[in-house]
Amino acid sequence: MTVVALTAAMLAAAGVGTIVRYLIDLLLNNDFPVGTLAVNLLASTLLGLLVGADIGDSMSFIVGTGALGAMSTWSASANEAAIMARRGEGYLAIAYLALTVLSGVTFAWFGLQLGQAL
Amino acid sequence: MSHWAAMLPLPTLSAVALGGAAGSLVRWGVLELATSGPDPLPGTTTPGMSLALLVINVLGSLLLGVLLARQDLMRQNQFLAMGAGFTGGLTTFSTFAVDVAEMLDSGRIAEAATNGLGTALGALVAAGLGYRLGVVSR
Chain A
0 MTVVALTAAM
10 LAAAGVGTIV
20 RYLIDLLLNN
30 DFPVGTLAVN
40 LLASTLLGLL
50 VGADIGDSMS
60 FIVGTGALGA
70 MSTWSASANE
80 AAIMARRGEG
90 YLAIAYLALT
100 VLSGVTFAWF
110 GLQLGQAL
Chain B
0 MSHWAAMLPL
10 PTLSAVALGG
20 AAGSLVRWGV
30 LELATSGPDP
40 LPGTTTPGMS
50 LALLVINVLG
60 SLLLGVLLAR
70 QDLMRQNQFL
80 AMGAGFTGGL
90 TTFSTFAVDV
100 AEMLDSGRIA
110 EAATNGLGTA
120 LGALVAAGLG
130 YRLGVVSR
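Chains as they are written, first to last, in numbering that gives the first Met the number 0: chain A, 0 to 117; chain B, 0 to 137.
Heads up, a few of these hints could be off.
Examples of chain A residues lying across from chain B (beta carbon under 8 Å, computed) [stated by the list, open to error]:
| hint | residue |
| --- | --- |
| 1 | G16 |
| 2 | L25 |
| 3 | A42 |
| 4 | S57 |
| 5 | G68 |
| 6 | S76 |
| 7 | A107 |
Sample of chain B residues with no beta-carbon within 10 Å of chain A, all distances over it, derived [to be verified]:
| hint | residue |
| --- | --- |
| 8 | G22 |
| 9 | G47 |
| 10 | M48 |
| 11 | G64 |
| 12 | R69 |
| 13 | R74 |
| 14 | T86 |
| 15 | E101 |
| 16 | G106 |
| 17 | G129 |
Note that these hints are calculated values from the structure, not bench results. Where is the CB? At the ideal position from N, CA and C, for every residue including glycine.
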């Protein structure tokens, strides 16, 4: 694949990943952002799998940098926590971010192990 | 967000997708610059890349904070393109999570803790600061 084709494929995958996040957020986000947490955990697990299985530079660029990179997000998580803090639920904000980071890293770690075993 | 079926027209989805692609392109460009030099092994990250990713995630959180405070001043698709699209595609959680998991795997516990706490606190503070900036700039 040429650099241009590879970049185009990555951008298309990023567009798809962003739409998937947007739709899951619309469906699942409530007072508590279940949707954002779900996309971040799913993308972390899948990226762990890809990296662990060492799928090659092109695929990891398209799927890892593009689809999963765009599907997962920090800006939404941080602002959802800031909104909780602004409405007086500071402890919930901290708990939400702690849950996001600890479960995300755990899922990524299991993805890595599983990928390496494949 | 209660009338979610009204948020699905093609222009809206296109705006979200284009914003996400643009944000991802910027993220990739910055991470490439941060890791210029010999390519790291596939699946491994360098300290420079971890730091660059932290900066990207913090700045993207700040930008979304600004946008949220100014949401009612923008057209909906414009807000979604820049918010859910651009800042969502610019920032990323999956690379962060795998990066920290790899630090733990190789016994770099302090680095993993610093990165995890630093990103979470930095992004949270930036989101709050961005919102304040957005309110002040109205």
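Does L25 of chain A pass the interface check with chain B, least Cβ-Cβ distance below 8 Å?
-> This interface hint holds because 4 Å falls under the 8 Å limit.
When the least beta-carbon distance from A107 of chain A to chain B is tested against 8 Å, hint result = holds (4 Å)
Is the nearest Cβ of chain A still more than 10 Å from the Cβ of T86 of chain B?
-> violated (4 Å)
G47 of chain B remote from chain A - nearest C-beta pair above 10 Å = With a cut-off of 10 Å, G47 of chain B remains clear of chain A, as the shortest Cβ separation is near 17 Å.
Minimum Cβ distance from G64 of chain B to chain A greater than 10 Å, as the annotation requires | violated (6 Å)
Hinted contact G16 of chain A with chain B - closest CB pair below 8 Å = holds (7 Å)
Is it correct that the beta-carbon of R69 of chain B has no partner in chain A closer than or equal to 10 Å?
-> holds (13 Å)
Taking C-beta pairs only, is G129 of chain B more than 10 Å away from all of chain A?
-> For G129 of chain B, whose nearest Cβ neighbour in chain A is about 8 Å away, the distance does not exceed 10 Å, so it is violated.
Evaluate the condition: distance from the CB of R74 of chain B to the nearest CB of chain A exceeds 10 Å.
-> Non-interface label on R74 of chain B holds, nearest chain A Cβ at 17 Å vs cutoff 10 Å.
Verify that the Cβ of M48 of chain B lies farther than 10 Å from every Cβ atom of chain A, and report whether the claim holds or is violated.
-> Answer for M48 of chain B: holds, closest chain A Cβ roughly 12 Å.
Going by Cβ atoms only, is A42 of chain A closer than 8 Å to chain B?
-> holds (4 Å)
Was E101 of chain B rightly flagged as not at the interface, with every chain A Cβ beyond 10 Å?
-> The claim breaks: E101 of chain B does not keep its Cβ more than 10 Å from every Cβ of chain A (closest is about 7 Å).
Of the numbered hints listed earlier, those contradicted by the structure are 4, 8, 11, 14, 15, 17.
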